[in-house]
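Chain order of the listed sequences is P and A.
Numbering of the first sequence is given in this note's numbering, commencing with residue 12 and proceeding in unit increments.
Numbering of the second sequence is given in this note's numbering, commencing with residue 6 and proceeding in unit increments.
Some hints here could point you the wrong way.
Okay, the calculated bits of chain P under chain A, using three or more residues with CB under 8 Å as the criterion [to be verified]:
#: 1; region: 43-55
#: 2; region: 67-79
#: 3; region: 103-111
#: 4; region: 123-137
Derived lysine-lysine pairs resembling DSSO-like cross-links, with alpha carbons at most 30 Å apart [to be verified]:
#: 5; chain 1: A; residue 1: LYS310; chain 2: P; residue 2: LYS82
#: 6; chain 1: P; residue 1: LYS83; chain 2: A; residue 2: LYS422
#: 7; chain 1: P; residue 1: LYS80; chain 2: A; residue 2: LYS422
#: 8; chain 1: A; residue 1: LYS310; chain 2: P; residue 2: LYS80
#: 9; chain 1: A; residue 1: LYS422; chain 2: P; residue 2: LYS141
#: 10; chain 1: A; residue 1: LYS422; chain 2: P; residue 2: LYS82
#: 11; chain 1: A; residue 1: LYS102; chain 2: A; residue 2: LYS24
#: 12; chain 1: P; residue 1: LYS82; chain 2: A; residue 2: LYS102
#: 13; chain 1: P; residue 1: LYS141; chain 2: A; residue 2: LYS263
#: 14; chain 1: A; residue 1: LYS21; chain 2: P; residue 2: LYS83
#: 15; chain 1: P; residue 1: LYS141; chain 2: A; residue 2: LYS353
By construction, these hints were calculated from the structure, which means they are not laboratory data.
Fair warning: this is a prediction, and the values are worked out from it, not measured in the lab.
We put the beta carbon where it would ideally sit given N, CA and C, even for glycine.
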Amino acid sequence: MQADLWRRLDERFGRRQFLLKSGWACFWIFLGGWLLSNLRYLFPNVLYEPTLSFKAGKPADYPLGISEKWKKTQRAWIIRTDQGFYCFWARCTHLGCTPNWFDAENRFKCPCHGSNFNRSGDVIAGPAPKPLWRCAIKLADDGQLLVDKARLENRPGPREQGDFFLPYTRA
Amino acid sequence: MADKAPSLTPFVKKTKIWKSVFRHDFTDTPRTRLQRIFGNVFLHLHPVRIAKDAIRVTYTWGLGGISFYLFLVLIVTGILLMFYYRPASSLAYQDMKDLSFAVTLGQLLRNMHRWAAHLMVVTVIFHMLRVFLTGAYKPPREYNWVVGVLLLVMTLFLSYTGYLLPWDQLALWAVTVGAQMAANSPMLGNEGPFRLPFITTSNDARFGLIGGTMIGDATLIRFYVLHCIAVPFIFSVFLCVHLWRVRKDSFSKQTGEKVDVWPHLVSREFLAALLVTVILFVWSMVLNAPLEAQANLNVTPNPSKAPWYFLGLQELLVYFDPWIAGVVLPTIIIIGLMAIPYVDTNPKGVGSWAKMRWRRVGPIPVWSAEERPFAVSVFMLGITMWFVLIFIGTYCRGPNWEWYWPWEAWSHRRIAKMTLKNIPNLWGSLLVGSYFLLGSPVPQKVKAMLSAKAGPQAPARASAALHVGLGLLISAALFVPLLISPDADYPSRSRYTTLFEALGRCRNAPVVSTMYALVQQLGPAAGYALIAVMIGLVGLLLGWAGMRFAKLKDRLYEELGLIKYSVVISLLLMMMGVLGKIVLRLAFGIKYLISLPMFNFNI
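Bound-form chain P, shown alone (with noise of 0.2 Å):
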């Protein structure tokens, strides 16, 4: 039996196939290889995209409330409450759209499939699975408001507090 075998691995992979079994190996590990380095060759080293930080304004001019003055633009919804500024990314975590807001109803709502989000961003119904992101949120040394859309937060606490919440409470 031992021998059976030993013979039979001889015959597939002995001396003789030697040169051709690597021959048909370089072949394929070379054609595969190829094939699949194009793969990484679709996914770009540089982007020319638009930077994700904007200046807002100054924080007077925000009166309480939601305020969509960024939406068309920069694509952000920035919030004043009576303790301070926080910052929507006005992007549907179900599927990209870009929700409304409406005011009568006090919740976001998304065009695409549905989904609803309240005021600190949870949702309260539809299909999306994730709160609405936060931007990180500081004054400028200018005294604007400067929104970082690189940088997002959406868990409840670390998103209330740090960079994703700016204490403000001058009139």
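Go by the hints and put chain A onto chain P.
For chain A alone, kept in the frame of chain P given last:
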């Protein structure tokens, strides 16, 4: 007799040039009929002779041929459109406007391209239906059905990549949603479940698809290349295989005397192409292809709807987590379609349309196919469901993707506070688990063992206990948590303390609010008693339905064996489960049955 006018024709036909091009003459003789087919590269895909019944219009309706013809039309009109179209986000929309208003015949060509694409989706789907209903996918044509499914998928993908190109609002938002679905794919998507550790927004599947982190020029050129070159190339390869296989395996209909393909089949093909062309021209002259406002990433149209053939998928996305509805379910549908010829072992019903007749299932009269009732019913149910979803997406969804009846006027300021609640996971798992257990058969061996041990009535009693038990369990696992579970969204500080109260007071869960009203009207004792009776009845109904199918299940199990049976029954149960989930969402206000946010697993 007057002299015959001197004619050039005989002279021309004798020249070396003519003879080098046309190798036979065109008089209608049996010999030239054959020569026309095998002497011509374009026609030699045909056999020279074919069964007379196979080319009857009412057998195939020419659907495969028409789809092929539409593909050719799309290539021609597409090539012409490419002369004016520049794939850059700053130019594309302007070029569409140019084509519509400034280029001679530009609008007509664009219309023809768009409507031919829509028509091709229709004919390809109907071709699939025809092949199914005439049993033409059965051996030896199983693999060709698989290729056909791939061609259907590619047809849809070509449509999808095509409608980004005008760079209008429809384009942008359809691609946003599609790309986001890629980001939700398991392992390779940045927001998907089981994300691999090295995956980020700048190397996930979405990034590869759109060529960046946001949709822009890189996306447009990618979709342009996919639409105009890459996918048509692969499509053509598979099309060759598809047509070659049809030629090799011949038509599924083999009866009737054989007739010459020239002129009998070729003339039919010509007439079909002529008819389609006329329809396409009239359609394109009467109706312009839609072109919405220029793409704007910061404004989503409300509602934002995909073209009709994707609205079923868009509607499905409402009911499940994106990776389930957008990645898993379509994959299962495609694989399920491909699996059909391999799990359908019934050799009957090849070569003729399924004969339908009325028969009784219990007290219900059912219209089903005589020779393959199960296959035809399940397939038609699936197709119908898909079109019902498309109907809902098209006619029943308004602003904010809220439910509007087709006769209702849309209002962007309608106050409609949707309330949706999750069922606690344990109850949900019980519900889903017992639902899928409904598919378990009682194999012959077990039956024999049971009757040997406990008498001849034992198998029937066991089956009844199994199905009624599961029915009651499903019913209880649905209603009990609705009645008693606390509302997790409003911990302790709300006056709505249970799901029953929360859903009972809202307007989008008719069944639960009816139950709630019942309790309010009749008082708790009578109300809850009535509800308990209803739960029992629903359970018994489910159990009865399960028992009606028990015999069929057992027979299928014996015929197919474990593996094929498992495939068939899981596909069937998943299909019905999607339907059930839709009902639960629309009538009970249930958001998810099982919700595990850490795995993005929400069903």
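- Item | In rising order, the numbers of the hints this structure does not comply with | Structure breaks hints 2, 11, 13, 14, 15.
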